[in-house]
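K.L.:
Top to bottom, those sequences are chains A and B. Under this note's numbering, think of the first position of the first sequence as 1, with each following residue one higher. Under this note's numbering, think of the first position of the second sequence as 1, with each following residue one higher.
Keep in mind that the hints were calculated from the coordinates and are not lab data. Quick reminder that beta carbons are idealized off the backbone N, C-alpha and C, glycines included. Among the hints, a few may not be true.
Here are the simulated lysine-lysine pairs, DSS-like style, with alpha carbons at most 25 Å apart [to be verified]: (1) 251/A - 64/B; (2) 64/B - 104/B; (3) 362/A - 278/A; (4) 55/B - 251/A; (5) 112/B - 251/A; (6) 21/A - 34/A; (7) 6/A - 44/A; (8) 28/B - 251/A; (9) 320/A - 251/A; (10) 304/A - 236/A; (11) 304/A - 106/B; (12) 116/B - 28/B; (13) 304/A - 102/A; (14) 104/B - 26/B; (15) 251/A - 33/B; (16) 302/A - 71/A; (17) 362/A - 231/A; (18) 33/B - 112/B; (19) 106/B - 302/A; (20) 236/A - 34/A; (21) 304/A - 44/A; (22) 106/B - 251/A; (23) 229/A - 4/A; (24) 44/A - 34/A.
Partial chain A-side listing against chain B, Cβ under 8 Å, derived [to be verified]: (25) 136; (26) 154; (27) 188.
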Amino acid sequence: MSIKGKAYIAGIYEHPTRLAKDISLAQIHAQCAKGALEDAGLTKDDVDGYFCAGDAPGLGPMSMVEYMGLKPRHVDSTDTGGSSYVLHVGHAAEAIAAGKCKVALITLAGRPRAEGMATGTVPRSRGGTPTPDEPFEFPYGPTVVNMYAMCAMRHMHEFGTTSEQLAWIKVAASHHAQHNPHALLRDVVTVEEVVNSPMISDPLHRLDCCVITDGGGAIVVVAPEIAAKLKRPKVKLIGAGEFVKTQMGGKVDLTYSGARFSGAAAFAEAGVRPADIKYASIYDSFTITVLMQLEDLGFCEKGKGGAFVADGNLIAGTGKLPFNTDGGGLCSNHPGNRGGLTKVLEAVRQLRGEAHPAVQVKNCNLAVAHGTGGSLGLRHGSATVILERE
Amino acid sequence: MAAQERKLPAPATSQETQAYWDAAAKGKLLVRKCTSCGQAHHYPRTICPFCFSDKTEWIEASGKGTLYSYSVMRRAPVPYAMAYVTLAEGPRMVTNIVDCDFDKLKCDQPVKLVFKPTDGGPPLPMFTPA
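Just chain B, same shape as in the assembly (with noise of 0.2 Å):
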């Protein structure tokens, strides 16, 4: 698939979020919430945006959501679908659908967690439909 054939650069990873980044190595999507008001935003801070509370903590995600919107970048070496998926815990996150055909993609379709390896650094959470 044409993804596959794309290079990704690496993620320039930080304090704040390297817990993400070793997750993501694992094969595991991780989204910080809130323990004050309850909710979970993206990207990951420790500081939540909502409530400003510095309780916050990783929950893994289920892996589980629904295409928001997305563009097909056709002017690419190599085009890719560039896309905001909502997750099942809430927040809708910048990401590409990869390994299917572009042309049958819709908005609020399910889709599926998958990992894409990075040119020497974790690898990146992405979606495929489900």
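Chain A on its own, in the form it takes in the complex (with noise of 0.2 Å):
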């Protein structure tokens, strides 16, 4: 069974707050649903699946459908870190296409900043029974950017990749971030600015790194018989895939990520190519994050991401590969350290052509939206979905 056509994305919602001091977790998961829902024209009665991942308080989706006060038929709360929400949309099909549910709702909520988290930095333990996978990497000092950053130090010994490629993708992004008013970082930078920026964790300066902030968002995601009925533009979901990739054994390989697996079943199922996507939405934690996605994806060759991202490629009315028009995780939002829902955010207004007219691509038909959750160095979950404007 496919899900192409089966599902629609029916409305969305991303919280504006950056720094979330007085509002709860469950209150910006509250306030997305119901503005994801008010975008639809539906109402919480109408939701008879609900989607949450580990950023939900609680035990799965249970403490959530409570506060919310929802029936939900059907609940999933596969949690792939950052890349959940994509993966959701994917399994919301998979429940619409089986008749588990007509309406399914996907909520993301965090608050780093107010807690005071130090996001990328410090090495974490999960804490309980640990990961068997724990006691031979935490006590080394893993940390979010030095993972990536190896993948980042390998791809360009491999490649010959440099800084100054991978500052053109912060670059981007912050030439699309001008225009949000929402957007953390607002100001545009240079590729000099990028790479001067202070060192994090080798080769991966400051402003390679995504923006820390609090807050979340919203998808509710819709059977066909639903969307006819609904005034919003329709954007179908026809296809998605999802993987986990790891170090397999001790066989790990930097150069690639899950996006190589995931991409491609989502590909097939769409029956499209990257040639054909004119808006795509890549998972940013790192300019290296998107560098490498968008190589797995198929948009460049393995290896040539650094020639592909440069000179502007990825900025919007310029360059060939529009990207992350709402300033994306390195300029705008990466709510709760988890930036995959933000990714079909965009991705949407894309199609609905309701993005900023200084972004907007014109005739916007087709767009890729991909996560990646977890460490790109470590393990991580990839999730693609490829959404179509009908």
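Now that you have both chains on their own, put them together as the hints suggest.
P.N.:
See the structure below:
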């Protein structure tokens, strides 16, 4: 069974906050849910499927189902880190296609800034029973940034990728973020400013990293017969793929990501090619994340990502592949350190023609949204969706 | 050297890998090898992640390897070099590179095994330029 054409994204909402000192985690989830349902023209009582991940308070979906007063007949709390919500879109379509629900609500929220979390630079143990990998990794000091940095280091070694090429990814994101009033960083930056920003973990500089923000978002995925009754532009899901890439028992290869597999599955299901894509939302925890995913999704050959992203090729209006036109995680928002949901949101805005006019892609009828969750260098979940304007 | 000033947390050992840590305390690095498919893996498991055979055994690693990739964590209180080392026995392992000038590290350079003490636990296998 394919999910192609079996589900539509009918409602989206991105919380405007980037610092949620006076709002609770559950409150952000509910505000996002309310916003996305209102955007769709639906109500809470229409929701019969609920999807959340590890950012939701409590055990799986239960606390949030209670808090929001939902009555779902289908729930899914699959957690693949920041890619979870891209994966949830595919899972929601599967549930809808199987008749398990008709209106699926996906929510995300997080408050790492308000909580003063050392997101990227301090090793974190998950606590409780250690994962089997933990004793062989945690004592060595793996952080978010240094494990992504090792991918960049190896990519540079094998393919000659440069810091200047990586910097172009941040430059492109900053060109887009200047038009987003909610973006945390709205100043346009240059390649020189990126490579001259402080080194965090070689070869990644401060400006190679995404922002740390509070906030959240929500997506409403509906069955075709529901979408047909709604007034919003119709955004159809035509392909979805997921993958978990690991160290493979000691055969780890840092030069590619799980996008190689999740992307191939999504493109095959959709029956389209990367060259057909008009707009790409690409997970941007770091500049290297974007570069590797672009290669792995098939937008360019493996190892040629540096040349592909250089010279503004990702900037809307001038480049061949406009990406993350909201400013992405690199400049606008990375709510709860989980950026997958906002990737879907901007892809939907582009397909609806509701992106900021300065970055709206003309005749945008086909978009990809891709997420990488967990650690690119240790183990990560990949999820890809292909969306079409109907 | 900087790495010696860094306090290393004790690994959370488990029953499955106690022998690995007992050997580390004696200055030996063990690798788990499958006698069915002949491949070594890391981190160690009793069931082979390649062929799912339960016929696995410990072998002692030579301590030789090459630096697959690394990153110097400049923002830590004491900067350190996170790394993947490819062991001569095959598997790549998460580790640190220590006792050297971090600015001279290069991918694929030969490295050799050393052990560094942890805070109340068995020592950690690390590597230094060979």
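K.L.:
Give a verdict on every hint.
P.N.:
Now the hints, each set against the structure:
no.: 1; hint: 251/A - 64/B; result: 17 Å, holds
no.: 2; hint: 64/B - 104/B; result: 19 Å, holds
no.: 3; hint: 362/A - 278/A; result: 9 Å, holds
no.: 4; hint: 55/B - 251/A; result: 20 Å, holds
no.: 5; hint: 112/B - 251/A; result: 19 Å, holds
no.: 6; hint: 21/A - 34/A; result: 20 Å, holds
no.: 7; hint: 6/A - 44/A; result: 22 Å, holds
no.: 8; hint: 28/B - 251/A; result: 22 Å, holds
no.: 9; hint: 320/A - 251/A; result: 35 Å, violated
no.: 10; hint: 304/A - 236/A; result: 31 Å, violated
no.: 11; hint: 304/A - 106/B; result: 22 Å, holds
no.: 12; hint: 116/B - 28/B; result: 12 Å, holds
no.: 13; hint: 304/A - 102/A; result: 42 Å, violated
no.: 14; hint: 104/B - 26/B; result: 30 Å, violated
no.: 15; hint: 251/A - 33/B; result: 14 Å, holds
no.: 16; hint: 302/A - 71/A; result: 46 Å, violated
no.: 17; hint: 362/A - 231/A; result: 22 Å, holds
no.: 18; hint: 33/B - 112/B; result: 20 Å, holds
no.: 19; hint: 106/B - 302/A; result: 22 Å, holds
no.: 20; hint: 236/A - 34/A; result: 22 Å, holds
no.: 21; hint: 304/A - 44/A; result: 47 Å, violated
no.: 22; hint: 106/B - 251/A; result: 20 Å, holds
no.: 23; hint: 229/A - 4/A; result: 20 Å, holds
no.: 24; hint: 44/A - 34/A; result: 8 Å, holds
no.: 25; hint: 136; result: 4 Å, holds
no.: 26; hint: 154; result: 4 Å, holds
no.: 27; hint: 188; result: 25 Å, violated
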